[in-house]
Amino acid sequence: MTSDIQQLPTLPQTEIFKNLDVIDVLSFALASKKNALIVRTAAVLRTLVVDVTIASEVNRSSITLYNKINDQFHLILRWGMIEARNTRNEVEVHMYDKVICLQKRRGVVDLRSNNLCLPRRVRQKETHIQTAVSFLAFIFPRIAFRELMINTHAFASSMDALNYAKCLESVTRTEILSIKPDVRGTAYKVRSLLTHLEVTNSVDIEEEDIPALLGYRFTGSGKLHLADGRFMDNSSLVSMNCVEIIITKTRFTTNDFLQFLNTWKGSNEALRRIKFVKIGHPRGVRKVYGDVGAVKWDPSRRPSGDFEFGMDIFKPDGLVGTIEQFDDFFMFKVWH
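In the numbering used here, the protein residues as written are 6 to 341.
I should point out that these hints are in silico values taken from the structure, not numbers from a laboratory.
Be aware that one or more of the hints could be misleading.
Keeping only pairs whose Cα atoms sit at most 20 Å apart, straight-line, the calculated PhoX-like set for lysine-lysine is [claimed, not checked]:
| # | residue 1 | residue 2 |
| --- | --- | --- |
| 1 | LYS338 | LYS280 |
| 2 | LYS280 | LYS320 |
| 3 | LYS270 | LYS292 |
| 4 | LYS320 | LYS301 |
| 5 | LYS338 | LYS301 |
| 6 | LYS254 | LYS270 |
| 7 | LYS228 | LYS280 |
| 8 | LYS270 | LYS320 |
| 9 | LYS338 | LYS283 |
| 10 | LYS301 | LYS228 |
| 11 | LYS283 | LYS228 |
Please construct the entire structure, taking both the sequences and the accompanying hints into account.
Okay, structure coming up:
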């Protein structure tokens with residue numbers, strides 16, 4: 006804690022407008038001739054202090070975010086004006102010893118950091134990365150992650166769960182959503198985070214006791230990995246046009262797999278992205294090879310791989326799809 010931070014004046018609470026860009030906030034602060042803004046988010050988050058330094062040289066001016074806990078100020082985020090004005094439309098922000106790249110687009114912050122996790126504690130300190138995310142959410146109406154990782158351990162405490170849900174309710178889009186299992190019985194608290202979330206690439210949810218994560222919209226073409234897909238309805242299979250589908254538990258029936266295979270082979274463009282499918286199902290699903298006109302493996306048309314005993318179907322353009330079925334799971338491989 007530096008001496009200049011100790012001397013931060015107590016100013017009236019100031020509302021930061023959600024539709025402003027960060028550069029607008031900096032300009033507003035500079036124009037107001039104030040060197041600090043006190044931002045409180047009602048009873049949801051701790052007090053945040055935004056320190057705006059006005060220097061004679063514009064490039065030395067900066068905006069710094071501190072988290073105030075028990076009268077102690079903890080540095081969360083520092084952003085210099087030289088970064089805010091750069092021509093690459095991209096800046097690096099130092100946050101809790103992580104360097105996070107921000108893409109400056111009107112109304113969107115892209116926290117593009119590989120494996121950016123939102124931990125409950127950072128190096129055993131009473132600091133929360135969601136506080137910084139919350140600050141950005143108050144400035145920007147939407148936040149987009151490249152990869153959003155959620156560990157359900159953070160939801161074991163009701164207060165942490167409240168902070169998590171409130172700080173991430175502005176997150177509307179992520180390329181990758183990853184939910185790791187930790188504490189059973191807390192997964193239902195994740196649901197509020199996903200109410201308005203669109204996943205544009207891949208989903209990986211290892212938690213089995215999430216019965217109905219129906220809030221998020223999966224529009225991606227990447228991978229769909231689910232430990233529990235029993236919430237899916239009969240039309241789900243034919244609507245998942247992504248590269249890889251792995252679901253451990255489902256309620257899909259024989260007719261669902263027949264519809265999927267007939268849709269795939271019905272035209273050249275149907276389910277074109279799919280390369281690999283492995284889906285667990287209840288016992289009683291019968292083998293569907295004959296119903297879709299599958300034939301035995303022809304070495305001249307595809308390599309064997311691990312599907313030497315699989316049965317093949319074809320798209321009109323000759324693309325080969327191989328079916329393998331077992332008592333409790335269904336597999337499908339497309340040879341490109």
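Please list, smallest to largest, the hint numbers that this structure does not respect.
When the structure is compared with the hints, numbers 6 and 10 turn out to be violated.
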